[in-house]
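Protein chains in written order, with my numbering: chain C, 1 to 467; chain X, 468 to 1538.
Please note: incorrect hints may appear among the correct ones.
So the derived list for chain X, only partly shown, Cβ under 7 Å to chain C, looks like this [stated by the list, open to error]: (1) L648; (2) H782; (3) D786; (4) G812; (5) V897; (6) A900; (7) G1202; (8) S1207; (9) K1210; (10) V1527; (11) S1531; (12) S1532.
Over 12 Å on every C-beta distance to chain X, these chain C residues come out as not near it, computed from the model [stated by the list, open to error]: (13) P99; (14) H110; (15) G158; (16) Q253; (17) G361; (18) L362; (19) K403; (20) L414.
The following label-pair restraints were derived from C-beta to C-beta distances [claimed, not checked]: (21) X/E561 with C/P83: 58 to 66 Å; (22) C/K106 with X/T906: 48 to 56 Å; (23) C/K104 with X/S729: 40 to 48 Å.
Think of the hints as simulated: they come from the structure by calculation, not from any bench. C-beta: ideal position from N, C-alpha, C; glycine also.
Residues per chain, in single letters:
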Amino acid sequence: MNSIPLNRRQMLAHAGTGFGALALSHLMQAELLAGDSPLAAKITHHAARADNVIFLFMEGGPSHIDTFDPKPKLDELAGQPLPKSFKRVVTAMGEVESPLLASKRKWKQHGESGLWISDWLPNIAKRADDLCVLRSCWTNGINHSGGVCQMNTGTPLGGRPSLGAWATYGLGTVNQSLPAFVVIEDNFGKTVNGPRNWGSGFMPAVYQGTALTGGKNPIANLNLPPGVDNNRQIGKLKFLDSVNQRHASSRSQNSELEARIRSYELAFRMQAEAPEAVDLSQETEATQELYGLHQKETEGFGRNCLLARRLVERGVRFVQLYHGSGSKWDAHSGIEANHSKMCGAMDLPVAGLIEDLKQRGLLERTLVLWGGEFGRTPMSEKGDGRDHNPTGFTMFMAGGGVKAGTAIGTTDELGFHAVEKRVHVHDLHATVMHALGVDHKQMIYYHKGRPERIDQNEGHVCHDVFA
Amino acid sequence: MSTASICRLALGILLCLLGSDVLAKDNDAGDRYFENEIRPLLVKHCHQCHGPKKQKSGLRLDSLASALRGGENGAAVVKSKPAESLLLEAVKYESFEMPPSGKLPSEAIAKFEKWVSMGAPWPGSDADAPQPDIRKEHITDLDRAYWAFQPVQRPSLPEATKWTRNEIDRFILRRLKKESLSPAPEADRATLVRRLYFDLVGLPPSPVAVQDFVNDTSADAYEKLVDQLLASPHYGEHWGRHWLDLVRYAESDGFRADAYRSAAYKYRDYVIKSLNDDKSYVQFVREQLAGDEIDPGNPNALTATMFLRHWIYEHNQRDVEGQWQDILNDLTNVTSDVFLGMGMGCARCHDHKFDPILQKDYFRLQAFFRPLLPRENQPLAALEVRQEHHRQFKSWADKTDAIRKELHTIESPILLNKAGGEGFSKFVPVIKAMMVKRTEERGPYEHQIASMAAKQLKFDRKVLDKELKGDVRKRWEELHQMLKAHDATKPKPLPTVPFAVSDVGPLSPVTKVPGPRGEVVEPGFLTVLHKGNAAITPPDESLQSTGRRTALANWITSPENPLTTRVITNRIWQYHFGRGIVPTSSDLGRLGEKPTHPELLDWLTSEFIRGEWRFKHLHKVIVMSATYRQRSYFDYPSQAVVKDPQNTLLWRMNSRRLQAEQVRDASLLISGELNTNRGGASVASSEPRRSVYTKQLRNSPDSVLAAFDAPDGYSSISERSVTTTSPQALLLINGNYVLSRAKAFAKRIQKEADGPRERIERAYEIAYGRKATAKEVDAAAEFLETQPDNIPEHTIEIDPKRWAAIPNRDGNAAQITKSDEKLQIGTLKNAKGDDFTVEAVIVLKSIFPDASVRTIASAWNGNTSSLGWSLGVTSEKSAYQPRNLIAQVIGDTGQGAPKYEVIASDLRPELNKPYYVAVSIDFDGAGQGIATFYMKDLSRKNAPLISSKAKHPFKRFELPSASVVVGGRDHQKPNHHWDGLIDDVRISKTALPESALLIAESFANKKQPRASEETLALWDFESANRLHDATPNQNHLFAATESTPPQDREVSSLIDFCHVLLNSSEFLYVD
C-alpha cells in the first residue's frame, strides 16, 4: 500500500474533528477523502451514456416466444417435431424431439415504434417506445445454475466477478454511504447459486454486491444490536476510535489502519442514511400506485422496483433485482399458468419503474436491463411447458442512451437459435460497460498473471443498441 | 495540450489507478501497458519488416535498445518525447507512412503516443536483447534463458555483519546496502511472541506464554519458542489452511444444489496431519497426484487423491461431455497454478503470449488427467492383495462372461429406462449409446462419460422383478442361477474409500488440442523444460491404471525441476512475510513480477532441497533470521519511504491484518470459548471449533469468514485480498457473532480479575498479548465509568418473534399474544392537563370467550377505585356486545370517590384486519365532556374514517400514576391482554381534532411531523431500539416479561469494552 503523506487521521487531527465530532455533527456530508478508497468514483474511458444500471433478472428463464419475439411459423407447425433443418443441441430436459408448442398469446404492435409485444405484458407494452429489444441473445449454460452464473459473471462456472462487481471496480461509486452494488431478491435467500451471483470472484470483496432483504433491516448488521441504542453505540464507537487512533499514531505509515478507522465512520453514516433510502413510505400514493403497491400480485416486486429507483437516485451504481428468485419462471410444464402469474406480478412494476424514471429525468442516465438466464424452447415439454433455451432468447434495455423503440437481431423462424446480430452474454456485458463509459477491453484486472477482462477477451460492444 | 491528449492522460491515470489501487503489488503498470497494448501492435504491424528477419532501413522494433538506437533515419523512439519520435511521425503518416498497408486506427496511434509519453516502458531487465515473438511456433534459446527455468543454484553468500543472524540476512542486507538502506531494529519480545504465534499456529499467545517468553533470558529462548510452536498440532491447522486455499478446497458441489461432500473433510485432515508430521513435499505432492498408483494400500495416500476431486460439479448437467472437459480444464489449471506456478490458463485457447507455454503444452499436461475416473469406491488394498484379487476376479469374469453378457441384454434396458434420479431419457442419443453398452465393450472415453452420466441416475434392481415376464423372466432366473454357481470363485469385495479417483483403465482416451486441426497430443511437460513426450511406466496390471499421473508426479517432484521447489519455497516465504520474493506466487512467468531477491530465492530453495523438502526446516530458517525479527513500525527513515515505500526490500517487517480464520479463532480463544478438538467431520460455524473445521459450502459461506476474505473454493488462491469495508465494520460492531464473543470475554474477565482497573489490565493482556499502559488503563477506566450513563435502564433483548408487519404497511408492529408480552413504561413523563387522545394501528386476532377486554393501551391497574384509562375491544360476553371499541375511564365526577365508566363507541373492528383506531376525550369541568372515537379500515384503499361521539360524566381527569401499558394493563393478572398486532401508538395531551389525527392526510403526505408539542409519546417500533419513544420525551417502553431482569449497566459497559477490543485494529493486526 502506498502511504499518503497527510493521512486522514492527521487531517482530522488538524481539523480538530474526529469520530466524536463526526457523530455529533450528525454526519458530515463532505466526502471523507474518498479519493483513496477503492470505491472512489473513477474517470470513464469515454463519455458515459448511463451512470447507473438496474438489472431486472427474471430468474428461471422467461419465454421469449411468448413475450417479445412472435413466431407465426410456430403456430403453423404446432404439434410437429422440430424440422430436420434445425440444428440439434443438448437441452436440459432433452426435449429436442418433442412436438412444437404453439404460443397462445395474442400479439399486437405497440406505440409509435410498433414493437411486437404479447398480451402477457400489457403495461410494459405501453412503454414500447422506450424499449430496445434484443431478440438474438444467446448463452452457454443450459441449466439454471450455469445460466444464472453466466448471465452474471460471463461463465457458467463459478469463480469470476459479476457484472455489478466489474462496474463497481471500473467506476467506483459517488455515494460512499450506501453500497455501490445492491442486490434485491424477491424471495429471500433462494436465488440459484446464492451470493456468488453478485460476488467479486477473484477480486477483493470490496467490489461484491450487498444483498438487501425486505423489511426495515434491508442491510445486514445495519441495525444496532438488541439492547444498544444510539447513545450507547456512540459511546462505544468513540472509545473504539480513541483506541484505534492511539494504535495508529505509532504506525502512521500504515494506510490500512486509516482505512479501518474510516470504515467505521462510513458504517455509521450508512446506518444513518440507509434506512431513509429504503423507506418507501415517503413516496406519494400516486407513485406507490404506479408501481402496483396497492395490488397483492404486484406489491412485492413493485416495492423492489420502487426501492431500485430510490437507490439509483442516491447514486447507487448498480442495482440488481431478482424476480422469481429460485427459478420461479422455469415453466417446464403449464407455461400458461406459470407465465400468466409471473408476468402479472412483474409487468406493472417494471412498466411503472420505466415511467417513473422517465418522468423524473432519471431514465436518460439509468440503463434498465431486463431478462433471464435463457429463454424457452419452441418444443413442448410435458405437453404444455417449454424447456430451457440458451441458444436464442430476448432481453430488453431501456434508458441509458439506448435506441428506444427498436428490436435488434432475430431468432430463426421458430425462435430456437439466435440468427442475425447474435448477442452473446459477453457482448451484452461489453455493451453494458460501454453504456457506462467503460471500454471493456481496457478494464483489466490482473489475476494470477492473466490480464482478466469482463468478457474473457471475447465480447464485442453491440453498437446497434445505442442511439 | 489538446483535449484529446488530456483525455488520454486521464485515461492513463485511470489505468494506473485501476492497476495500483487494487493490486498493491502492481508497480509495473507501464510494463503491462506495453505488453497489453504496444507489443501486440508492434508484432502485428511492424515486426514483419523491422524485426528479427528483416530490418528495413536498418530498423528493428523488437527491443527497446534497437528502437532507441533507431535505423538509418535516426532514433525511432525518444523516451517521453512523442514529438521527437520518428515512430510517431511514421504512424501518423506525417513523414514516413507506416505501416504501408494503411494508416492505423487513431486509437492505435494514441496508444503509441501514450506509451512514448510514459517513457517507453519495456519490460525485462534484458531490455537490450530482442524479445521473443508473441506467436511462438517454437521455443527459442531466449525462452529457455528465462530465470525461472534455470536450474536452482546455491549462490555464494554475501558477507556477514553484526546484524546478520543467518544466511537470509546476508542477502537482504546486501540488497538494502545497495540502495543505501538499513534494516529496522529488532522488535520487542512481546511483539515477537505474538508474531510467531499467529504466524506459526494461527492463534494469539496466552498472557502466560507472553510472560514466559519475555522473562526467559536464556540465549536460546527464541529458538525454543520456535521449536515449540512448530511442534504444536495447531501448526498444521494454520498452515494447512494455506494449502487448502491453493487447492480450491471446499465441501460442496458449487452449483445450484451445492450438495455437501461428506467425505471431503478427510482431505483437510490429511493435509493437516501431513504438515504436522513434516512430510516431505515430494511425498505430499506424489500422494495427491497419484496416491492410488503409488501406494494403493495406504488410506492416507488414497485420501490425498481427493485433490483431484475438489472441482465444482453440477449433479444434473445434461451436457456430460462438456462438464467432463470443464473438470479436466480445472485440473490442468489448478495443477499448473499450484505446483508449477505457471499460469497456464492463457494457453488453453492459444499459445501463451508472453511465456513460452504452447497451447499444445496445456493439453500435454491435461493428457496426464485424461484417463481419470472419479470413484466412490476406490479399493483400498496393498498391491499384493490387489494382485490376488485381480487374478481371481479376472478368472471369474472370464468364466462368467457369456452369462453376464446375456444378463446385460435383458437387464440393462429395463434398469436404464426405469432409472430414477434425473432420468435416462433426457440424455442425447450419443450419451445414451455409451450408457447402453456393457462396461467391457466401452472404450475408455465412453466409460468415463457413461459413468459420469450414470451418477445422475438411481438404479433400482427391484424393477427387474416387476418388469420381467414370461420366457424372458424364466431365462433371466436361469442365468442368475448359472451365475450363482460361480460365486465361490468370485473374490470378496475389497474395502473401499469414497470420493477418490483412479484411472479408467490401463488405456487412456486420446487428448486433442481443440480447433480445426485437432492435433492429438501425448502426455508431456512444458516444452521449454522438457522436449518430447513423458516416459510413462504402466503400473502393475492389477491397478488397472495408466501410470500417467505417477509420471507427472515424478516430473514435478524431480530435483531437476526448477519450478516446483522455487514455487513452494517462495510460497512459504510469502506466508511468513505477506509478500513473496516473487510477489505473484502462482505465476513465476513474465506476466508475474520479477523476484526482488533472486539469489536469496535460490539459496532458500536449495536449503529446502537440502532439508529433504520439508517445510519445518524452512520455517525455522526464515523465522530465525534477523530479517524476520525486525520491527514493523518505528519512525521510518524518509529515505526508505521514498525509495521503497512498499518495503519490497524488507527494511522492516510487514504489519499484517489477521486472515479470516485467525480473526474468528482468536476471538474464540480470547473469549475462552475455543474448543481445540482436532480433526473429524466438519461442524457448523456456530460451533466454537477452529475455523478450519467449519463446513465450507461454496454457495453459503460463513458471513464472518467471508467478510474477511476467506476464499470461496472455486479456484486456486495464492494470495488473499485484504478488504476493509463498512459492511465489515457493521458486522464487527453490530453483528451477533462478535457481540457474543464480547459477552463471553467479559464474563471471563469478570471471573479472572476484580475491580475495573484490574479487569482492564487483564483484558489487554489477553486481547493484545501485552500490558496496558497507564494511559490506556486510565482511558478505559473512564470509559467504564461513563458508558453506563449511555445505557438505558431497561434495554432488554427482545425476541424477534415479537415483531411483525401489518398488512399494507411498512415497518414493524409489536406482536402481542400473551399477557407477559405487553410493553410498558413508568409514569408518563411531561404529562399535564386532563384532555387526552390515544391512537393506534391494530390487528386483532381473537377476542376472549368471556367478558375480558382486549386492551390496546392503558394507564390503569385494573382496580375500579384507582384513577386510570384504557382503550380496548370487548369480547364474547361483554354487556356492550363483542368487538366494541371502548374506553374505560376512572375519573372525577365531582362526587368524591373516583368513578368507573365504560364509554362505548359501537364501532366494531373485525378480526384479522388492520385498523386505525383512536379516542379523544375532552373534560370540560362540568361533566358535559365528549369522547370521540375514530376508526378506519386500512385493508381497503379508500375506506372512510368513521367516528362516533359519546358523552361522559367526568368533570376533571388527572393522568394516573399507573404505568402506561401497550397491549395490556398494569397488573400481573393474565387477562385483558391484546392478541395481535399494535403499531403507531400515540398519546397526546389534548383532545385532537380530526385534522390532527395520525391518519390525516397531512401526516400521510409527510407534510407534518408525526410528533408535535402536544405529543406525549409515540411508539412506532421503528428505531434501532424498537421500544424507544419517537418524541423527545424519552417515554421509552420496556418489555414487561417477568423473567427479564433490568440491565446491569456496569456489566453491559464491560461487555462494550471487550467488544471494542475485539473491534480494534490492534486485535486485528499483527505487527
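Right, here's what the structure says about each hint:
no., hint, in the structure
1, L648, "violated, 15 Å"
2, H782, "violated, 10 Å"
3, D786, "holds, 5 Å"
4, G812, "holds, 6 Å"
5, V897, "violated, 10 Å"
6, A900, "violated, 14 Å"
7, G1202, "holds, 5 Å"
8, S1207, "violated, 10 Å"
9, K1210, "violated, 11 Å"
10, V1527, "holds, 5 Å"
11, S1531, "holds, 5 Å"
12, S1532, "holds, 5 Å"
13, P99, "holds, 15 Å"
14, H110, "holds, 29 Å"
15, G158, "violated, 4 Å"
16, Q253, "violated, 6 Å"
17, G361, "holds, 22 Å"
18, L362, "holds, 21 Å"
19, K403, "holds, 24 Å"
20, L414, "holds, 19 Å"
21, X/E561 with C/P83: 58 to 66 Å, "holds, 59 Å"
22, C/K106 with X/T906: 48 to 56 Å, "holds, 55 Å"
23, C/K104 with X/S729: 40 to 48 Å, "holds, 46 Å"
Violated hints, listed in ascending order, are 1, 2, 5, 6, 8, 9, 15 and 16; each of the other numbered hints is respected by the structure.
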